Every structure is written in structure tokens, then in C-alpha cells.
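Residue numbers (this note's numbering), protein chains in the order written: chain A, 161 to 260; chain B, 1401 to 1888.
Simulated from the structure, these hints should not be mistaken for lab results.
Where hints are given, some of them may not hold.
What the hints assert, rightly or not - With a straight-line cut-off of 27 Å between C-alpha atoms, the simulated DSS-like cross-links for lysine-lysine are: (1) A/K167 x A/K187; (2) B/K1540 x A/K187; (3) B/K1787 x B/K1777; (4) B/K1746 x B/K1777; (5) B/K1859 x A/K187; (6) B/K1486 x A/K243; (7) A/K167 x B/K1540; (8) B/K1746 x A/K243; (9) B/K1486 x B/K1439; (10) A/K167 x B/K1859; (11) B/K1815 x A/K187; (12) B/K1746 x B/K1683; (13) B/K1787 x B/K1859.
Only a predicted model underlies this, so the values are computations on that prediction, with no experimental measurement involved.
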Amino acid sequence: MPDLTRKEVEEIALLARLHLEPAELEKMRVELGAMLEHFGAIAAADTTDIPPMTHAVPMDMALRADEPQPSLSVEDALRGVPKHDGNLFVVPAIIPGSES
Amino acid sequence: VTTTAYWTAAEIAKRVGSGEITAERVVGDALARIAEVDKKLGAFLVVDRERALTAAKLLDERRKAGDKLGPLAGVPIALKDNLVTKDVATTAGSRILAGWIPPYDGSASEKLRAADAIVVGKANLDEFGMGSSTERSAWKPTRNPWNVERVPGGSSGGSAAAVSAGLVAASLGTDTGGSIRQPAAFCGVVGLKPTYGRVSRWGVIAFASSLDQVGPLTRTVADAALLLQAIAGHDARDATSLPAPVPEFSAALGSGVRGLKIGLPREYFDTQLDNDVRAALDKTIAALRDAGATTVDVTLPHTKLALPAYYLVAPSEASSNLARYDGIRYGARAETATSLEDLYKKTRGAGFGPEVKRRIMLGTYALRSGYYDAYYKKAQQVRALIKRDFERVFAEVDVVLTPTTPTTAFAFGAKATPLDMYLADVFTLSCNLAGLPGMSVPCGLGADGLPIGAQLLGKGLDEATLLRVGAVIEATVGLGDRRPGGVG
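Only chain B is shown next, with the shape it has when bound in the complex (with noise of 0.2 Å):
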């Protein structure tokens, strides 16, 4: 092995927990990749290589002094850049916050160091998590591995490049309608959303608060569950994380599919998909039955109502999270203002991107006195409505199965108007706006050679039957040892 690129998170810990190879071997080899390799595909928008560095010699230090690593020791790790870092930029991929550098960790890399991973940078995004192509991010686009020519999808769509052409062995992303899961099926990774409350928001730049949530991606399922252990649990700090027990992920991974019943909702398969999506998911159902799961036909009759709902509420609470970028306490400011007004009106509209600014626009008009029965509080019980097709669905299966998008990855500028954009998401706003947890799983390769996901979706809290139903995907439809060929 000349390399370490492509070993699993699981690999990387145990071999640096035991001294079969250092840290810092680990670590160079991702800082070497990613000098060769993110030239052409622009997954990172900082390399933090002098401290990445420096910890990993200190992690190698004291495994020698005889102590005990930690569950993700040496894992070089990218974190999508609306995460917080102390000391490191952080942008959120917008100008409204260029040269920020904050003052403090957020939960997510917190918690990754304690468990001894090493964040070697920052992913690019769609500015502030608004896209799903990563073509919206205000520093430059990211190209898919699997075809450069292709988008990543979006918005964790640096995290979910990074992680499929080898550069870090995993990564944090954020997910609000579907920005975890639809870029890992676009680049052939696997991404998990957490129920909403299993992962601290602390630290997280905020999109849509009651949506928003942290989740990994990964090569692998175990790698999954590994990530989804260190940043799970209780934090005082986030008032909506939960107080709830946090179960050994790993633990159900091998216990298959057997007696579990999986429902197909009519809806999702009703619609235009790809022949080569519904071809994987044909395969996906027949080998989910063969390993002993049984499948169901349910209905969810309120899943045409999720886009226009999301589409609501989500820049609703986006118009108003983003109120506190005013170029007064932190982030750009404009030079040429005349009165505060004018300073918060003219910084504003220079330091957000149009797809920024046509969402505040909307938020504020669905909030608007008048309006906001109309749009704002509809939407929002339009979203219980959606929550009740899920319990309804939930008391009679275990587990839900869908293609995570109509289509495999899309060709950049293909999606001409703000609409077209929104509908790619079409089939993973739901679970956000019921707050369940969804996986993305590879489940095949496409005919133009780009990967297709399954997606997954589970009962509140239980993350455990996504990752064993995923590890059966894996091991039987997935894309095994089959890598991106786009950047070498």
C-alpha cells in the first residue's frame, strides 16, 4: 500500500490506536491528496494543514506515552464550512462572512477531537446551505469525482466530493432538506441525517432552525455509525437536542434484514424517475427480500404538499436567522453607507448571493402581516399533515425505502430557473419537515456511470434500523470497491 487514501474511518482508528501506522502518516497522505486532487475538483475552501499537522503528531505522541486513542483516532476529516471552527475562516460559503475567523468550536468539531479524529479543512457548500448543486457557493463551484463535468449536489456537496474521491476518510455535513443525503447519492457515499435533536446545533450557522441538523458522510455504513456516535447526544447549549439515551450504533449493523418490514411509498415511485433510478431500486426491494425483509405498498398522501410547504417555512426562518448579518458586529461591511439603514441595506445586498437574497425575499413575504396565515402558518400545518402520513406509515413498517433523487447527478447550469433547482430535492424534504432520520446508500451506478442512492427513512430516534437495513444495501447492491474515476 503506497497510500492510506480510500481506508475506512473504522480501518484508520484501529490501525493508529494500535501503532501499526502513525497519525501523522494518515494525515499526510490526505494533505498530499488534497494538494494533487482538489485543483481539479474544488471540494475544499481551507486547508487547515499546519495544525492537521500538529495534532497528529501530538495523537502519535501520546499513544506512545501509553494512552488509550479515541473511537475516530488519526481520521483526517473535512467539515462542511457552516460549521463552526475556533481560529479557522469560516464563511458558510457567502461574502456577507469573508475573512470571519470565530472565536470559538462548535459542538461538531468539539466532539470530533475528543474523539481524536483530525479536522484537516473546510468543505464548500451552497452559500449558507441554500442549493443542491454546490454551483450556489460564493467562492467556486465543486465538481462531482465521478464526472467533473457533473455537480456533487448540494449543499454539503464539498463534504460528500471529498469523501468519495478519497481526499479525508469522512465527513460532517448539514442537512435541511435533503443537503446530507442527496449530494452523498450524487457522489456515491453514504450520508445520514439524524433525527432532529440527536446532534447538537451548537456551533452550526443557521439556515432553517427547526430543519437544520449535522450527519456524516462516509464510504461505508460502519463508518456511518462510527461519525453518527461521536456527535450524537444531549448539548445544553442547542435548546431543541434531545435528552435521550444515545444506543450503540455499531452494535446492530450485522443483524440483517430478516422479519423487518420495509414500505414503498406509492408516491415516490409514482412519479418521473429515471429508468436507471427505478432499475436500482428494483434490485435494491429484490435484494432487501432475498436477505428476508418483507415489503409493503403504503401511501404518504400528502408528499406533493412537502415542496411547497418546505419551500415556505424553510425561508421563513431563514428570513429571519439571516437578520443578524448586518455588518455590524462581525462578517463584511459596506464602506459607502450614508446612515445605519443604509449600512445594513447596502451590506446586505452586496454580501449575499442571488439565491440568498430570493429566499430572505420570500420568507419575508410568507411573514409578512397579512400574509402569514396564508402562507407561513398553512405551511406549517401542512408539515403536521406530513408528520401524520409517517406515524400513520410507522405503525404498520419498520422502515421506509425511496430513491433519494429522480436522477442521477446533473450537468452543471442544466437547472435554469430557481424552481427547477428546488424540485431535485423533491424526495427528501419530507423527512426534515417531520424531523425523522433518512440515509442515503449506494445502490448501483447509472448507465452514464454516476451513482444512484436509496434512501432510507426511520422512525424518531431510531438511526439503528437505517444503519443495519443500509449495511444489507451495501453489502448485496452497492457499489463495492468501484471508485470515482474523474480525478484519479
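So here's chain A without its partners, still in its complex pose (with noise of 0.2 Å):
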């Protein structure tokens, strides 16, 4: 097992738009490198014809009828929100520059 390096972790924490700090990247690193190292132990298990196992209990896919159901209201939905304007959440910008 290759020890990560600190861009591959850096990776890692941009796909899980999570953001570190400095120290925590180095920390992450040697962290996720020894468990990495610890848990590839399964690469020596024998799965052969195995199917990989998603569900704790064979299950088939549960679908209702497609029929309107009673829900949230709008107002409570919206009670835990950090900001927003009426009925939409509001963000910053995605385009840059769009702000107004």
C-alpha cells in the first residue's frame, strides 16, 4: 500500500467539499494512510463468485403509488433555513460576477 500523499488528500477533501486546514491535511494523511494500511487486509479475503452484498436483508425495490401525499408545509420546511427570500433559499453567486 502506497502512503497517500498530501495531493491526494487534498483531492479527496475537494470531492467531500470539505474544507482543512493546513495541519489537519498533514494529520489526515498519515491518519488515512495507517488505516488504509489496515484495512486492505480484505484484498486477501477470497470473493470469488462472491456478490457483493448492498442490503442487510434480500429486498425488492419498495415503490407506492404515484399519488400525491400529504407533506411539509411550505412554512415549516422552510423554518431551519440559514437564509432566504420568500420561498427560495438564497446563496451566493455560482456565476461569478452575477451578483446584483
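Starting from the two chains in their separate frames, assemble the complex, guided by the hints.
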């Protein structure tokens, strides 16, 4: 198992949308490396012809009739929003320079 | 009797239902004990005093008006704070949910209220259920009532400590890799993780969806049966909830273990067990034989792969589940963000604690394109092998008996590295990976005065046999009237 590089850790943090301070990045590099080395033990298991188990119990896709059901009111759903404008979530500009 | 603390849930429900005592009195006692003791213990994140008292008074009025009350009438209960409660702050032990007031009730709180239980508050936990000591709560540690210098276990540490110290008669926890059973063992209470799908996950703040399950922590096996009865059953709002009939769990309790075959898996006894844990398990095995059970040595050969498989599957699911915490729709939001992506990164960087970040990173790594087959898929295949081990053993025996933990409760700060902490769960993980029911029952005290738990693992949907065997362990080698001395 090759050691993780700082760059790899930065890439994973970006994929996870997780800001890490420089000291956190280095700590994470060491800790993740140790874990992956330990958990790499599963590579030795013979899993030929063993289908991956995605669920604890066998189950079919549960679908209900496509009919409207009661749900949260808009007012209730918006109660925990950090910032909103009427029924809209307010977020920083997505396209640079589009702030109005 | 000056206080109803330490009454069992069954006793309370019977006496409140008959009018021998009021729910107001019982709930008042619980709130008074919480006010007195929880400063030292830290089991609660929220005490919902006014609403609990109002609910208790309403219950008493209904009884006076001739209503027949439910099976948990007046029983004060704590809910682990990853169980969503309408209008009561719920954070799952994380800063990222600071100030969030859920607009709906989860299935657990709905069903408990329908059974006339009184939810008195929300119990502390490791952030999002990720931990084995409750040291990873963003808010505060919880202490073990048997010795306040020791951890209560985790992640349902608040739920276990509150029941152990007589603050409430019962609580609910969640168990993804041992988070009900391990703290139950450390705090000397009964903890039951039902079969995956037995209890609805509607309103559980998700950690690892294919492993999470809600279950009771109680002081007696009979109370565990009573609580499970109230929360079990199909729920259309949880697509993984099983449409299986729910048996009368209390019915099996008195029937003993004569004729039962109990498997003793070599892999759980051949490892580094504390001498006291080994001795307590030997006594438990002898007691079960004396009561008429036969014991059989069995082997679960893939046991040593459970830990690596679990720590790839669970963080992978967590990294996906926790993607929802982005500061947009609810929860905390970073104030200084310059762009949407920056908002996500800063909100999550500031809102999650170190253990949660580690698991998100590990899961993101394992799911990454190019690594998926070697880690996530391989771990799911190993998971299938672990399940096959159990299927083979359960063709031969009725139930499997193991220690719940290799040691008694450890000291604060004792687990120096993340891996050390993960190893505390080494005996409880397989059960979740296989989707089977598991229960920890107290089976004595160590020389350090701390409780030891015996773990029972059962066939899918066969919680009844766990309860039946658990009742015999309780009656023969259980703690009896011994109570924790750490908090008075």
C-alpha cells in the first residue's frame, strides 16, 4: 500500500467539499494512510464468485402508487433555513460577477 | 419509597395504568433526579421539562376519564439525539445541526407517544453516532455512572448512562456497529439491536443506512421486550422496513433455555480478552448449561475481516449520507463564503468534528473512481462472506453467545489513535454487517467494579430467542440489585 500524498488528500477533501486547514491535511494524510493499510487486509479474502452484499436483508425496490401524499408545509420546510427570501433559498452567486 | 427512580418500565406502566401512582409523580421524580445527578453525568443534551410534565398530566386526566392507557403509560424515556423530535432541538451531537428544530417527529417518538410513554429529553452521543465512548460529542462528554473517570461507551453513551443511573426507566439508541450493545455493556444495562428492518428508520439521522437500526436500552430484559414491542413493525416511510409480523416478545421470556443449542464462536474467545471478561463469560456459559441449554463450539472464520469491511462500508455510506449538510436548507452555515462551493467547504469544515471528517474522507476515498472495486465492492463481498458464516452456524445452533466487548469501560482519553478506538467495537460489528439481531445483557462485575456484558446474536427476526436466553442470564449471573455508585 503506497503512502498517501498530500495532493491525494487535497483531492479527496475537494471531492468531499470539506475545507481542511493545513495542519488537518497533514494529520489526515497520516491517519488515512494508517487506516487504509490496516483495512487493506480485505484484499487477501477470496471473494471469487461472491456477489457484493448491498443490503442487510434481501429486498425489492419498494415503490408506492404515484399519487400525491401529505407532506411538510412550505412554511415548516423553510423553518430551519439559514437564509431565505420568501420561498427561495439564498446562496452566494454561482456564476462569478452575477451578484445584483 | 421516596422516589420512583429505578422502577422498571413494566412496573411504572402497570401502576400508572391502574391509578396507583400518577404519571405526573413519576415524570416529576425523573426530572428531579436529572436535575440533581446529570450535572455530574452529562447524559442529556436537552431536558424537555415542560412538555414532559404537560404530557404526564394529560395522561393522568385521560385515566381519570376512564381511558385505558397504553403499554408504556407514564414511562419516562430518553431518546438518543439522532432521533428526530418535532419542535425539540436535535443535533446528533454535531455543531453542523446547532439550533435545528425539526419540523416533524420520527417513527420512534411517534410510536413511543402512541404507547403513552413520556419523552423527557434527548441523550448525548458521539457526533452522528461515530464513536465508541461519547467523547466525540461536539457538546460534552458523558460519564459512566459506575465510575465517572471512565467512559460510558458509545455512541449511545447518554442513553446508556441515563438508564444505568436511574434518570429514566428506558431509552432508545441506534446501533450501526455496536452503538447500543457496547455502551449497554459498559454501563451495566440491557441493550438490544433488532434485526435490520425490524424497526423503522424514519426520522433517524442517517449514519450508514444499510447498517443503522434503532433499539432499546433498559435495566431489565422484560423492559427491552416491552420497548421493542412498542417500536417494531413495518413503516411504509422506510423502504427497508420489513413487512414481517411482530410476535408477542414478552411471551417467550419465562420459557427458559432447556433444549436450546448455544454456539460459542472460537474467534471471539481466542482473542485478547480481559481475564475478568473471560471469567464472567465462563460463569454465564456454566449458568446456561445448568439451566438446560447445550453449548457447541462453532467457528465464524471471516470474523477478523469484519472490522476492515465495516470501516470501508460504513464510512462510504456516511460520506454519501452526510453530503446533505451543506449549509443551504437547514443547520449551520459559514458566514464568510465567497462562492457556493466555498460555502459548502467552509460550512462542512467548521461544522463537522475530527472523527466525522476522518470518516467522510475515508468513505470518499473508498468510493472514488478507480478505487471502488478494491475497497467498497470488495468490502461488500466480504460482508456477504460474513453473512454466510452466520447462516452456516445458525443451521446448527439457536443462538450465538460472545463477550460484548474485550474489556470493561476504559478511561477518558485511553484510545489514543482512531484505530485503537475502532478496535473497541471488534465483537459487535459482524452483527450489523449480517443484519442480524444482537443483545448485550449484564453478566457480572469485573475486579474494577465495572459491568461486563454478554452478547447474544440471533437468527434474522428472532429477537424472541435473544430475550428468552437473556432473561436466564439476567436471573443467574445478572447484576441483581447492584447499582452504580459513581453518581449517588
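Problem - Non-conforming hints, listed in increasing numerical order - result: 4, 5, 7, 10, 12
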